[in-house]
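Chemist: Full structure from sequences and hints, please.
Those letters in the sequence shown? Residues 1 to 128, per the UniProt record's numbering, in order.
Source of the hints: derived by calculation from the structure; they are not laboratory data. Some hints here could point you the wrong way.
What the hints assert, rightly or not - Pairwise CB distance ranges, derived in the manner of DEER restraints: (1) R5 <-> D57: 15 to 21 Å; (2) G111 <-> G90: 16 to 22 Å; (3) T105 <-> S69: 18 to 24 Å; (4) V100 <-> G32: 16 to 22 Å; (5) E4 <-> D84: 35 to 41 Å; (6) E87 <-> R2: 20 to 26 Å; (7) D84 <-> M1: 39 to 45 Å; (8) E87 <-> D37: 21 to 27 Å; (9) V109 <-> Q15: 31 to 37 Å; (10) Q126 <-> G90: 21 to 27 Å.
Unchecked claim - Okay, derived cross-link-like pairs now, DMTMM-like style, lysine to aspartate or glutamate, Cα gap no bigger than 20 Å in a straight line: (11) K53 <-> D99; (12) K53 <-> E95; (13) K53 <-> D82; (14) K53 <-> D65; (15) K53 <-> E41.
Being a predicted model, the structure only gives us computed values, none of them experimental. Here a beta-carbon is modelled for each residue, glycine too, at the ideal position from N, C-alpha and C.
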Amino acid sequence: MRRERTSTGTDWEQQVGYSRAIRAGDTVRVAGTIATDDDGEVVAPGDPYEQTKHAFDIVTDALSDLDASIEDVVQTRMYVTDIDDQERVGEAHSEFFDDVRPVATMVEVSGLATPEAVVEVEAVAQVG
Numbered sequence: 001m002r003r004e005r006t007s008t009g010t011d012w013e014q015q016v017g018y019s020r021a022i023r024a025g026d027t028v029r030v031a032g033t034i035a036t037d038d039d040g041e042v043v044a045p046g047d048p049y050e051q052t053k054h055a056f057d058i059v060t061d062a063l064s065d066l067d068a069s070i071e072d073v074v075q076t077r078m079y080v081t082d083i084d085d086q087e088r089v090g091e092a093h094s095e096f097f098d099d100v101r102p103v104a105t106m107v108e109v110s111g112l113a114t115p116e117a118v119v120e121v122e123a124v125a126q127v128g
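Modeler: Structure below.
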């Protein structure tokens, strides 16, 4: 079975020992992703809409690195620190997946890896 991985090169990936995404056969799984820039700083602290968009941009790049695309996504998960942000997070999700319509889950969590992050996303894609 074909197995590949991609990394964004963040300190977290190295420290914790994980990949941004793994492709095993025709399935690509993208790890939990928060909105960070190239220096590992949180983008748009406290803004659920902008963070969701930025995180899904990172997901899009990871999928592309493994010969997949947003159109291949069959499942997403969104972790939010305040469920009252669900409309803004959902709005950003819809901008990426309006025609794709993957199954999706959103849950409220007590916190994420850094206090400035209010959204973390995951995706699973099935290619072919």
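Chemist: Indicate, hint by hint, whether the structure satisfies it.
Modeler: Comparing the hints with the structure gives:
1. R5 and D57 have their C-beta atoms about 19 Å apart, which keeps the hinted 15 to 21 Å range intact.
2. Remark: the range hint 16 to 22 Å for G111 to G90 is upheld by a beta-carbon distance near 21 Å.
3. Checked against the hint of 18 to 24 Å, the C-beta distance between T105 and S69 comes to roughly 21 Å, which is consistent with it.
4. Range check, V100 to G32: Cβ separation about 20 Å, and the 16 to 22 Å hint holds.
5. Against the hinted window of 35 to 41 Å, the Cβ-Cβ separation of E4 and D84 comes to about 39 Å, which satisfies the hint.
6. Distance hint for E87 and R2: a CB-CB separation of about 39 Å, inconsistent with the stated range 20 to 26 Å.
7. Separation of D84 from M1 is about 42 Å and conforms to the stated range, judged on CB atoms against 39 to 45 Å.
8. Checked against the given bound of 21 to 27 Å, the beta carbons of E87 and D37, roughly 25 Å apart, stay inside it.
9. Here the CB-CB span from V109 to Q15 is close to 21 Å, at odds with the stated 31 to 37 Å.
10. Distance hint check: the CB atoms of Q126 and G90 are about 23 Å apart, consistent with the given range 21 to 27 Å.
11. Proposed proximity of K53 and D99 is supported: the alpha carbons are some 16 Å apart, at most 20 Å.
12. Proposed proximity of K53 and E95 is supported: the alpha carbons are some 8 Å apart, at most 20 Å.
13. With a C-alpha separation of about 17 Å, the suggested pairing of K53 with D82 holds against the 20 Å cut-off.
14. The hinted pair formed by K53 and D65 meets the criterion: a straight-line CA distance of about 19 Å does not exceed 20 Å.
15. The hinted pair formed by K53 and E41 meets the criterion: a straight-line CA distance of about 16 Å does not exceed 20 Å.
Taken one by one, the earlier hints fail for this structure at numbers 6, 9, listed in ascending order.
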